[in-house]
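J.: Residues per chain are reported as follows:
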Amino acid sequence: MKRTAARNVPLAIAVALFAAVPFLSNVSVPLVFDGPLGSLGTMQIIAVGLIFAALAMTFDLLFGYTGLLSFGHTLWFALGLYLPAVLMVGAGAPFGTALLLALAACLLLSLIIGAVALRTSGIAFAMVTMAFAEAFLIFVERNPTKMFGGDEGITVAGSLLPQAVRGVAGIGTVYWIALVLAVTIYLLLRQSVGSRAGHVLQGLKENPLRVELLGLHTYRFRLLSFVLSSMLAVLCGFVYLLVARVAYPGIAGTDFALLIMVMVVFGGTGRLWGAALGGFLYGVANIRLGSMSTAAFGEGLPQWISGPLQEPPLYIGLAVVLMMLFAPEGLAGLIEKASSRLRARLAGSRRGRNSGAAPSGSGGTPGGDGTETALAASGQR
Amino acid sequence: MAMNDVISLLISGLGLAGIYFLLASGLSLIYGLMRVLNLAHGAIFAVGGFVGWAALEYLPVEPDWLRFTAALVLATLAGAMLGILIEKGLLARLYGRPYAQMLLTLGLAFAMTAFLGGWLGHDPLTLKQPAWFDEVTVIAGSRVVNSRLVIVGIALILFLATVVFLRRSKHGLIIRAGVNNRSMVMALGINVSKSFTLLFVIGSGLAGLGGVLAGVFFGSVTPELGTQQLIFAFIVIIVGGLGSLEGTALAALVVAVLQQFVNYYGPPGAGDLVTVLLLAVMLLVRPRGLLGKVAA
Amino acid sequence: MSVAEAGEILETEDLSWSVGGIHIIRGVSLRVTQGEFLSVIGPNGAGKTSLINLVSGVVRPTAGAIRFGRTDITRRGPADRAKAGIARTFQTSSVFLERTVLENVRLAAQARLGGSGSLFRRPRRNDRATELARDALERSALQGVAYKQAGELTHADKRKLELAILAVQRPKLLLLDEPTSGAAAEEVDVLIDIARGIHREGNTVVMVEHHIELVASISDRIAVMHNGGLLMVDSPDVVLSDPTVQKAYLGEGL
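Residue numbers (my numbering), protein chains in the order written: chain W, 1 to 381; chain U, 1001 to 1296; chain X, 2001 to 2254.
Derived from the structure by calculation, the hints contain no laboratory data. Hints should not be assumed to be uniformly reliable.
Unchecked claim - Mimicking PhoX-like on lysine-lysine, the simulated pairs with C-alpha atoms at most 25 Å apart in a straight line are:
1) W:Lys205 <-> W:Lys337
2) W:Lys205 <-> X:Lys2083
3) W:Lys205 <-> X:Lys2172
Could you build all of it, start to finish, from the sequences and the hints given here?
T.: Structure below.
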């Protein structure tokens, strides 16, 4: 509570950095971005990063804070693209109406699907959510109603969108919308996990039976978390539709749902900023790795080496394997470890040796072995 | 509904059920015993499919049924080898941390699928099946493609073998008891980890073999084969009840036959959607599955 | 409320529970009087903890009924039973190990006071739930470790924390599952004092316990369980001198 102000400093710095990007048309970051920061191409890539950061945070509420492992979170992101697109392109609804209708439909749907899926827990819940997301993908790809675009997806013509986000000039506006989205979702989720209900959710993650025995209906709280994270993911979908201007099957289904989990785990589960970091890095890296695969890479090597080297999922997969083996707390864990070591060193140089190592054994922390991770886990939750 | 169609669809459904069973049984028992959700299981399945494809394509063995047998054996071995590498080399280092283990296998699944795709491409590769597989046998007046019968036969043999293994062998008994009550078995001082390694290897081997059968069933293999089938395997596991081999077999039958019939008579994709609907109904009526032992 | 007026607070009728064909509880009919301290004893595997699991709603019976007050609660979930006023402890402490001691108790207070569903209101230093929690911590002599993570507590302190949680829950019926298990001898007295304190406020206590001297000194009545069934329920003197009880213990004492 005292730390609220201090906690906002990194947030303010991050917002200031992102807000500066559009004005930095002379600054270029070689290797990472082709054009200068302020160029439309780079801004578009960063906007995708921001949206994925927001999406990853919505998943962290479910997985990292409530302990609900969903393999189908992308269903809500995909609905956020598909429903407005269908309503606008297929049914001729105006932009605002399409968004409102989509929002209402998703609210109803997340209540129904949540109510059914939450009859299970643990791994069964993961499988059930996966089945629902996959069902949507099948529905979209087979396209029995002829309204969902099949493999090509639904392209939303610029004329259907509001003036401000149309065409090339609209990219600037969309960038700001993406930034507002990421910050809003961060603040909303920070408030939610710190609220009374949020405390119940975090208790649920660790010991659901105890929560139930306190007289709280765990089912209702799980449903609350599910609906909240789903609806926020729908919002992410809305903004992504403005950037991509097409609703396509690649963001629906299990593969992308698992990628969202990878983003969160890579960044650091149970820490909103960690999830955001993972999502942002994935969003940017995916576009960059995608363009890399067309480049001549691994030339001269046999096909069984050079071929796989051009597949972005190979790098993502290997990164996850290494992360789990050597840094299961994700990037956020690594950063916290480094910063607490730095602080210990600073404190140590001020008043001799730091007193009392952090007690170990915070029992049941995922990946909480060794005193080092215990240190990170005990201090920062 | 013509009687001919019914019988040939039924046998197709049985074949698909066999494939689901081979994929789902290992997954379910591995999870039931050690709470490891092996998301690389589907990738092992795909590797098996590719090994089978390569064997049928390049092995200079005649006659063709012998080549097919060799393909099955090689795919099983490849699956088992991958299984032992993953379990001993990677998962064992994350013992007692099921989420980290699951995520590690997820990373492996991504990497293995990308490897297959980068090397051999993402387009379907057609399997050179023995000539006899494409011929038809007339059963009760309806024409059934032979390959379907082969799949049903192999799956049935493997189902019975697995049941016998679980009921008769020492490790099988430990696995069964461990799935039912793991803490009790461990409290008795029985070394579960050895049985687990064995189970992991057998499960992976069955998945590898299942990949070849899936290649025969669908006519071709792709790197994404495993991920696609994994989803139906999950549905089978939940409908059948986590950790129950018999439940998995029963659910595989129900899901696959239903899927075949609705896909044939309904609009495109309806059969796949119906399986999800079945899952939802199951959860509402009986959340622990048909023959569930592990509380889901 | 006088005892005569209140009558039974808890009644199980022919309660049975079996898992996979094994009968763990067989037809237990037990009446617990409002305000009494009832201990449940019996050899290992007699079904004492299972009885507590059934009454607290952690598991559902295969047959029989449970009434709390005048309400049939057989089909109610644990949350509803907790709301109605049934609270319990576990043999191995069940608290939120990754949260602070204060947060553990505060959550219990928040659950009782209501408003747990709010996504807008944050817990405050001086809200009612926090005050209640602080009071309870003081009475359990845990105020010194209020900001420690529960996972870092000693075994006995975890036990005290559980009792502090019970205290803010203000249950009408308290189910204690071996409250002294694992605690050092000098800590047992402290724990029992806290339990006695809760009882003295007019609450009913059902305690599963091995310490026979403790049981004899604190209980109004003792229930003896054997092989999943109820052998007898009577005053401590009668129970402890009963030959069948002795036989039940010795017969199992392999």
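J.: Each hint: holds or not?
T.: These are the hints, each one checked on the structure:
1. Distance hint between lysine 205 (chain W) and lysine 337 (chain W) is fulfilled; the C-alpha atoms sit about 23 Å from each other, no more than 25 Å.
2. Restraint check: the Cα-Cα separation between lysine 205 (chain W) and lysine 2083 (chain X) comes to about 21 Å, which is no more than 25 Å; the hinted pair holds.
3. For a cut-off of 25 Å, the pair hint linking lysine 205 (chain W) to lysine 2172 (chain X) is broken: about 28 Å separates their Cα positions.
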